[in-house]
Amino acid sequence: MRPTENINIRFPKNLQEALRLQAKAGTRGQLLAGGTDLMVQWVSGTPPPRRATSVWNLPELCEIEVRDKDILIGAGVTHAFLVDATPIHRHLPALVAAAGTVGAAQIQARGTLGGNVANASPAGDTAPALLVTDGTVLLASLGGIREVPLTQFWTGYRQIDARPDEIIQAFRLPKKGAARERFRKIGTRKAQAISKIMAASRIRVRKGQIVSAAIALGSIAATPVRLTQVEDFLAGKPLTAKLITDAEQLAQKTVQPIADIRSTAEYRRWVTGRLVRDALENL
Amino acid sequence: MSKAASQPRRLVGHGMIRVDADGKVRGQTRYLNDIRYRNVWHGVVVRSPVARGRFKALTLDPAFDWSRVVVATAEDIPGENVVHMHDRTMPLLGEVGGELLYRGEPVAVVAAKTLKLATEAAGHIRVEVEELPPLLTLQETVDIFKKTPKRFVSMQDKNIVKGDLAKGFAEADEILEAEYWAGHQEQLYIENQGIVVFPQKDGSILAEGSLQCPYFPVNELNDPLQLPPEKIRVRQTPVGGAFGGKEEYPTMLVGYAALPALKSGRPVKITYERHEDILFTPKRHPVWVRYKTGFKKDGTLTAIECDYILDGGAYLTISDVVMFRGILHCALAYRCDNVVIRGRVARTNSMPSGAFRGFGAPQAIWGIESHMDAIAARLGMTPHALRRKLHARAGDTTPTGQVLSKENGATECLNLALERSQFAQKLRQSSRGKLRKGQSKYYGAGLSFFAHGAAFTGDGEAKFQAKGRVELARLEDGRPGVNIRVSSTEMGQGVHTIFTQIAADAFSLDPARIRYPMADTGLVPDSGPTVASRTTMVVGNIVHRASLDLKAQMEAFASLHFFRGEKARLENSQFHAEGRKPLPFGRVAGKMLDELGEASGFFQFKLPADIRWDQDRFRGDSYPGYSWAAHIAEVEIDPITCELEVTRVTAVIDVGRIINPILAAGQVEGGLTQALGYAVMEKMATGKDGLYDASRLQTYIIPTALDTPAYDIQFVEYPYSFAPPGGKGLGELPMDGLAPAIANAVEAAIGKRLRTIPITPESIFDALHDPSGATP
Ligand SMILES: Cc1cc2nc3c(=O)[nH]c(=O)nc-3n(C[C@H](O)[C@H](O)[C@H](O)COP(=O)(O)OP(=O)(O)OC[C@H]3O[C@@H](n4cnc5c(N)ncnc54)[C@H](O)[C@@H]3O)c2cc1C
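Taken in order, these protein sequences are the chains called A and B.
Position 85, counted from 1, in the first sequence is what this note's numbering calls 156; the numbers after and before it change by one each time, with no gaps.
Position 544, counted from 1, in the second sequence is what this note's numbering calls 548; the numbers after and before it change by one each time, with no gaps.
The hints are simulated quantities; they were obtained by calculation from the structure and are not laboratory data.
Model, not experiment: these values are computed from the prediction.
Where hints are given, some of them may not hold.
To be verified - With a cut-off of at most 25 Å between alpha-carbon atoms, the simulated DSS-like pairs for lysine-lysine come out as follows: (1) B:K235 <-> B:K267; (2) B:K445 <-> A:K261; (3) B:K166 <-> A:K313; (4) B:K166 <-> B:K150; (5) A:K324 <-> A:K313; (6) B:K692 <-> B:K151; (7) A:K313 <-> B:K445; (8) B:K60 <-> B:K692; (9) B:K393 <-> B:K166; (10) A:K313 <-> B:K438; (11) B:K166 <-> B:K300; (12) A:K84 <-> A:K95.
Unchecked claim - Pulled a few chain B residues facing chain A out of the computed Cβ check, cut under 7 Å: (13) T645; (14) T703; (15) I705; (16) F769; (17) L772.
Positions of the beta carbon are idealized from the N, C-alpha and C atoms, including for glycine.
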């Protein structure tokens, strides 16, 4: 007996069909992409649903489109695909690096970007890298597309701003342009590791002056977070050793870390500052 | 006679391919859960919901249909409610009216046609308990031990005394005292625990499952089941890893499954899912060890005083022997005339701790090897100079008074490891808390040196008298061959292969004609449990001698029946006699089987007559032989994040004769990786709810292939000549000494000593930001 044995799974052929299923409570199922989060949850306590709707391999969800200013990445794109998608590497290096740290090869081949985001774990590795792009989530429903900024998408612990009839179709992510990106994950080991903390940054410097700074953390609070106070502090200032130290301390002062089985609040607080320093020293 | 025949082919010393490789690599080997049993019911264990409490009542929900399930409670135990391990305190099932001593203690077993139904039924059983305040952790018991020693509850005490401690401290120029801690460790075999029990028509039972000591259930369940040993038959199914975890625990599982099986007359199978397996099977004992040492300015150790306390959990089970092995390794590897070691097994309200590769020795070596570095630092000596001066060698006397034999690679291990790793130079490059030129990470190199006693402690082997047999048989192709009949179990370590090699060499026979069937207590003599790094040394010798015995019988038979009395010799699978055409093995063996029906060689292991052991005073020859090792670990610590990486490990090891160098190196790499996890990742404690706080693979972190360092593994061979082919213990040793080498390397890297494992980024961070900064 497997807990997943009795789930009725529908396999729509395209997005439209999937949206029709999701539109009505009577046919609606839990969305199932790679299943790498859901399968684990279903065998370890979370009661499996009666119905599921597979979005795995839906053609509309598997596209990547590189445009002028931004890139559209389908929610069904796998981490492995991101790692292999060389045309996006120079535009979204933090996201590609983050995708490359998810689980290990097997999980990357199956797990999707949409699943990572919708699962809404504070430890989702791609979240900070997505957050620093100031991008948006494109939610599809029979009513059309609704676009929500990523910074507003995670509304609470394991909660997202999506209606039951909506499916994440894609992410619209501005290219980094002249900015520098960095991603670091501190895991419990080198692969198959849920992070203790991870940080992504997108910082633009011109002539020794910080033009804009976006810094985001995961595994530190109930949702992935941007360090807005540090970002505001940095913007417009000349990049000096003192600035870096001040930013490090400000980060340590303002962050509100959690404690759990993977790490302590003290360590997370300290290392937050260290990661801010690391980002600024590597521009 | 041909030239080739005069030089028999030798397999011992060569990397013969594993005899079980083919089935395992192809996925054809059938583990317990792959075997399709028909009409087997599934058992589910019902457990205590609290860590400690008075068991008031067990009630079955009247609304549930109980006709389709069988429920066994303590009332269904045919005999005395006890699992007879090393004492008689642990009941097979908790009994109404009695006290439940740990969260998860079994109180009933439910069996039904499907696992689903059994699980459902178990959910309809109410276990009523009046909660009592539990004592959950080693920390709490150590606090009691320090503050109010009289209130400290020890399930077993043992002391080792050598010389005069007071005199030793009086002679000392300096005294150094420090404490070291280590937590639980989970074996994490790939295949979870599982057993199926078949009740037989004559009232006996046959149990089959994943276990490493088939004779344990045979001898430990007689009282509760009211079955004599010959009515409990145990068969091994292929074992997907064990590491000690399937040593004592399967006895309990056989007991749990036997109750509903005997009650219902149906076979009952119990297998655990990973979560249940982690929560409710034994772990490595957490340890607190305190050393107080006296030494002179030149490094001479004048006194070692040591307290060694293990967290035994709620019942003793086998913890006494784990503690014995522990204290025997607390000061084993160094010269010192005045030693007192006090061992204790603390009782806590948690799952009984149990066997795990190393069996108390890794906990001891963790303490002493950290402490030796601390002494060296206090003296201003290098860690290797101190060890070169103090390490035990042939002719030296151990804390129990044993004089070490010449079959001892201690000095060579130490010297070779230092040389291969260029330790002196690496130590000079170590950061000591300040990045040196060219370093982007703190770098450190650390050393450990230690011995591991092979086989049972003291006169265990003398008392046990392990025995084994090899027998002629027709193999599956109908042609004659040899079966090895011992109770040693293959659990991935390669025993089926190395015993095939040993038998092949003893006979001088093609290994393709040798089989090693799975252990079955109905068919094999008791060669003892597959534990204590004793198998190659003790049972390997049994296989060797039994093979020589049968070979001699075959040669006599060949001489009489084929060579007219001319002396015959079996060599390279042929019988030779002076002036005669050689005869193939099969000709002679076939005729022997036809004429005699059966033929076998037998051997019962004996220790040398001059072995002395006093179990009460813990004096004498504590082990028949010792393996030796020196490890060097190199680490890098990221100053940005305190992340620790072990980059390189050099291990030089004397385990006597190497039977199969590839398998031996595999054992060492695997064991070192397990030790790496113990040192830097594997973190588990008893939580406030009485459960282990890391109870899933998601939270209990072990190393992946990416986390393993570069290994430089080198063997030096000082064989145990009393028992050819001369292996000493290998299985446990690689688990013993890497943790302190890493801690010593961490100290070299950041200039602070960490006295608790695992060493994590968080603990390095804490150490670096600890204002007291004390680091002896
Ligand atoms: C061994 C292992 C290791 C792992 N390691 C990591 C790691 O290192 N880092 C990490 O971040 N994660 C890790 N994960 C978690 C998981 O692999 C990732 O979160 C992955 O990206 C999830 O994608 P999926 O397609 O498998 O999601 P699924 O499991 O299919 O779905 C996850 C959630 O997203 C929802 N969903 C999926 N697609 C959509 C959509 N298009 N629109 C709306 N909702 C949707 C589902 O309903 C569900 O709630 C690991 C998992 C395992 C099993």
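Evaluated hints:
1. B:K235 <-> B:K267: Holds - the C-alpha atoms of B:K267 and B:K235 are around 16 Å apart, at most 25 Å.
2. B:K445 <-> A:K261: 17 Å, holds
3. B:K166 <-> A:K313: With a Cα-Cα distance of about 61 Å, the restraint between B:K166 and A:K313 is violated, given a limit of 25 Å.
4. B:K166 <-> B:K150: At roughly 24 Å apart (the allowed maximum being 25 Å), B:K150 and B:K166 satisfy the hint.
5. A:K324 <-> A:K313: With Cα atoms ~16 Å apart, A:K324 and A:K313 stay inside 25 Å; holds.
6. B:K692 <-> B:K151: Status holds; Cα separation ~22 Å.
7. A:K313 <-> B:K445: This hinted pair holds, its Cα atoms lying about 23 Å apart.
8. B:K60 <-> B:K692: Given pair B:K60, B:K692 holds - Cα atoms ~22 Å apart, limit 25 Å.
9. B:K393 <-> B:K166: The hint holds at about 20 Å.
10. A:K313 <-> B:K438: 21 Å, holds
11. B:K166 <-> B:K300: Holds. B:K166 to B:K300 sits at ~19 Å (cutoff 25 Å).
12. A:K84 <-> A:K95: 18 Å, holds
13. T645: With Cβ-Cβ at 5 Å, under 7 Å, it holds.
14. T703: 5 Å, holds
15. I705: 4 Å, holds
16. F769: 5 Å, holds
17. L772: Because about 9 Å separates B:L772 from the closest Cβ in chain A, which is outside the 7 Å limit, the hint is violated.
Against the hints set out earlier in the document, violations occur for numbers 3 and 17.
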